[in-house]
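**Q** Take a look at the letters that make up each chain.
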Amino acid sequence: MSASQASGCFHCGLPITQPTTVRAQVGGGERLFCCQGCAAVCRAIYDAGLEGFYQRTPDGDIFGPPPELPRQLEFYDLDEVQQEFGDISSDEREMQLAVEGIHCAACVWLIENGLAAMPGVSEARVNLTGRRLRLRWDNSRLRLSRILRRLGELGYAAVPFDPGAAELGLQRRNRALLYRLAFAGFAAMNLMWISIALYAGADQGEFRSLFHWVGWLLATPTLLYAGGPFFVGAWRGLRHWHLDMDLPIAIGAAITYCYSLVVTLSGRGDVYWDTLVNFLFVILLGRYLEAMSRRQAVSATQRLLDLQPRAATVLRDGEEALVPIRALRPGDLLLIRPGERVPADGLVEQGTSALDESLLTGEAEPLARGPGQPVVAGSLNGAGALRVRVTAVLRQTQLGRILQLVEEAQASKAPIQSLADQVVPWFVGATLALALLTSLIWWQADPATAVLAATSVLIITCPCAFGLATPMAMAVATGSAARHGILIKQGGALERLSNVTQVVFDKTGTLTLGRPSLVALIDARGLWRANEPGTRLDATRQHWLARVAALEQLSEHPLARALTAFAREHGLADMTLEVTDVRLEPGRGIVGRVDGQTLALGSAAWLESLGMALDKRLASPTDWPGVTLLHLGLDGREVARLLLRDDLREDARTAVDALIAAGLQVSLLSGDRQATASEMAKRLGGITAIAEVLPEGKAAEISRLRASGQRVAMVGDGVNDAPALVSADVGIALGSGTDVSMASADIVLTGNELARVPQALALAQRTLVTIRQNIGLSIAYNLVMVPLAMAALITPLVAAIAMPLSSLAVVGNSARIGGLLKKAR
Amino acid sequence: MEVIYGLIPGMLLLGLAAVGVLFWAARSGQFDDLEGDGQRILMDDDIKPDDPRRFPGADVED
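These protein sequences, in sequence, are chains A and B.
Under this note's numbering, think of the first position of the first sequence as 1, with each following residue one higher.
Under this note's numbering, think of the first position of the second sequence as 1001, with each following residue one higher.
There's no promise every hint is true.
Claimed, not checked - Covered stretches of chain B, as calculated for chain A (at least 3 residues, CB under 8 Å): (1) 1009–1019; (2) 1029–1038.
Stated by the list, open to error - Derived, one-sided and incomplete: chain A residues facing chain B with beta-carbon distance under 10 Å: (3) TYR54; (4) VAL108; (5) VAL126; (6) ARG134; (7) ASN174; (8) TYR179; (9) TRP193; (10) ILE194; (11) GLN204; (12) PHE207; (13) LEU210; (14) TRP216; (15) LEU217; (16) CYS258.
As the list claims (entries may be wrong) - Here are the simulated distance ranges between beta carbons: (17) GLU696(A) to LEU1042(B): 30 to 36 Å; (18) PHE1031(B) to GLN55(A): 37 to 43 Å; (19) SER708(A) to LEU1042(B): 35 to 41 Å; (20) LEU1042(B) to GLY351(A): 49 to 55 Å; (21) LEU1042(B) to TRP193(A): 33 to 39 Å; (22) ARG175(A) to GLY1038(B): 33 to 39 Å; (23) PHE1031(B) to GLY370(A): 29 to 35 Å; (24) GLN55(A) to GLY1038(B): 15 to 21 Å; (25) PHE1031(B) to LEU394(A): 28 to 34 Å; (26) PHE1031(B) to GLY233(A): 30 to 36 Å; (27) THR21(A) to GLN1030(B): 44 to 50 Å.
Hints are computed from structural coordinates only; laboratory data are not their basis.
It should be emphasised that the depicted structure is a prediction, and the values quoted were computed from it without experimental measurement.
All C-beta atoms, glycine included, are put in the ideal place defined by N, C-alpha and C.
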């Protein structure tokens, strides 16, 4: 991703496909771009003197083209809207922005420098972990929409967001944990040298009592402050008759504390203040690490939700008013302009338009909506203005319910985790019983030994090692995966992924770039190639292509976009053509009347079903491997065939090879004709091709594979594969930005890199192995140490050293999972 | 060895001061973005605020 890499787009590094290449004079030289968006962003960066950005981006890294800027940024200039996000009492304002498109540290540099150069911006600071921007600016000198537009020029989409109560609460909890950890660490460090002094001989000397009291001074606040949550947790568990991990920790800590206090007061015996404090420190450390990893996994999905529309235009007594979504009520009348996202569920009262609901349903084709028909929040309005009566807002909308499902999935636990959770109460109960038994047995012989041995048992049985075994491994795995562009939404997905036997890839947009282009046209007079220099389109072909473009303008299908783009580039786009009676059938084709002629474009079977005769004389494109063939029918008969090619993703072959090497079956699922799919499968190393599957049949195909005993992972681009992703054992979606249809996948590859698929698989297998190791480790440890402790062969000191070691062994073993992806990079 | 009576409170105070600094650092959000701050320190370019030459077309609205 730098000037040195000639093969890809100068700005984003994506491979360039021939027909879409953009050449632009930027920074004193001609550079190649994959799209106009990248070229514009690059020009803006050079204009602002920020070309240092390109030296700072990591070499070879690829990030997608700039995201689309949210429309109608003027929304955010209104005080009514702004007050939702921050304090607006003065002109000096501060706000948090959710930013889409931040990729690496170079983006941080670009945004901070690009904004700091704007007169009126007093602070712009990016949080790379959360992909957020804290912005302070002078509202009297600069308007927010201007800043957002500037961010758009630099290649980032940003909207203000309101850190919800849940997120603030999470942050506060994490910070409180950090404070407690810091305090316990301080006490542990200081107690350590006191202990050394005591063991080195001070135990016999004049300072013995002083050191004991210093230990007390340090241990008491540590127990109360740092250990507080464990007591609260233990008490809560007791009240609900549920033995959890906090209980033995609390009892062990309390007994150690009381025993040491008695020793300090009476002056006989050994104190265990250091044991107590180290014990608390290690457990807190484990919990903090777990919280950190979890936060990272959650914040990535949270970003998607932040980019939802925040304001709506309401019609009241014929007057337009802009209101925040929160102020909307069922029964309000909304005005939804072309190109806007629908802010709430409702029924159309007036107007017709085509709505893109892919955000929810995964279906890319826009749906026509007119009076009396429902619209759903989050869908994108097409060309018409609509008046909509609100029926549901916020969490009651379909979108809201989907988001809730995502949140629930994140809170859900893997089966292996719930197994561990079920075992813990028994484990705790056994620990308490053993400790009681030990003290009873020894009480006859010597009460002091009884207390010590029972304490040793409580401390040494390390439920924390056991309890940490699964969540620690999961947390490290999900956290390290999230950092490398693999978003695991559900712990259970890792478990299922670890024993997958077959990986099914969707073809268009997943194995291929999803940006097809017209390469050739066949008609009665022969073949016309798009990329051959000197060939010109004659009038007839121009006539056809202009009409095709006019018709396909109404479709969002990648093939349709390729055809309209082609027409625009060749100056064939004709806005005056009248298009009526359009019918779209996903996976088959499109038919409509253009300028009085009936035009159909789609598969051979689709044309025949419309009663159009196929032209047998047209050459079949046997010498065109891997292309998609569209038949063009005009007024009842086929006149031409269009050949479109979609290039393979650069890393498709390596990803497939890695999966085959890992002993998995790999197949390709496509709606395309068999010849095209087979050709592509051959180029990918001879994988199985399942072709000519209609969108609605993909899920059934996956179910069929599963019924035959395969455990299937489906990889799709998250737009039209939603049902298939759900029916697979594990659904893996390529993250295409703000698409919430990713809700249907268990794993989202945020960087759109296929190479992450085998990595995710390796990670899952490694995680499950680690979990088993961890559980084995903690069980083995307990089997050895508990009998020794019960026999009073282990003093609480040894117990205190051994216990954190067992936890640390589990934590350390889990941490090794993180190295897997680092090596893979 | 009387010095120990002075050293102990001294060491505790020093330790508490360190804890205080850490609390302050956490409160001011320095642990919120470890990834970004780790990278930021490597970017040696100075930010020049309010320099219109760096931002052509900056139309100040008032």
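**Q** It remains to establish, for every hint, whether it holds in the given structure.
**A** Now the hints, each set against the structure:
no.	hint	in the structure
1	1009–1019	holds (count 6)
2	1029–1038	holds (count 6)
3	TYR54	violated (13 Å)
4	VAL108	holds (6 Å)
5	VAL126	holds (6 Å)
6	ARG134	holds (9 Å)
7	ASN174	holds (9 Å)
8	TYR179	holds (6 Å)
9	TRP193	holds (8 Å)
10	ILE194	holds (9 Å)
11	GLN204	violated (14 Å)
12	PHE207	holds (6 Å)
13	LEU210	holds (7 Å)
14	TRP216	violated (13 Å)
15	LEU217	holds (8 Å)
16	CYS258	violated (23 Å)
17	GLU696(A) to LEU1042(B): 30 to 36 Å	violated (51 Å)
18	PHE1031(B) to GLN55(A): 37 to 43 Å	violated (29 Å)
19	SER708(A) to LEU1042(B): 35 to 41 Å	violated (53 Å)
20	LEU1042(B) to GLY351(A): 49 to 55 Å	holds (54 Å)
21	LEU1042(B) to TRP193(A): 33 to 39 Å	holds (36 Å)
22	ARG175(A) to GLY1038(B): 33 to 39 Å	violated (19 Å)
23	PHE1031(B) to GLY370(A): 29 to 35 Å	violated (54 Å)
24	GLN55(A) to GLY1038(B): 15 to 21 Å	holds (19 Å)
25	PHE1031(B) to LEU394(A): 28 to 34 Å	holds (32 Å)
26	PHE1031(B) to GLY233(A): 30 to 36 Å	violated (24 Å)
27	THR21(A) to GLN1030(B): 44 to 50 Å	holds (45 Å)
The earlier numbered hints that this structure contradicts are 3, 11, 14, 16, 17, 18, 19, 22, 23, 26.
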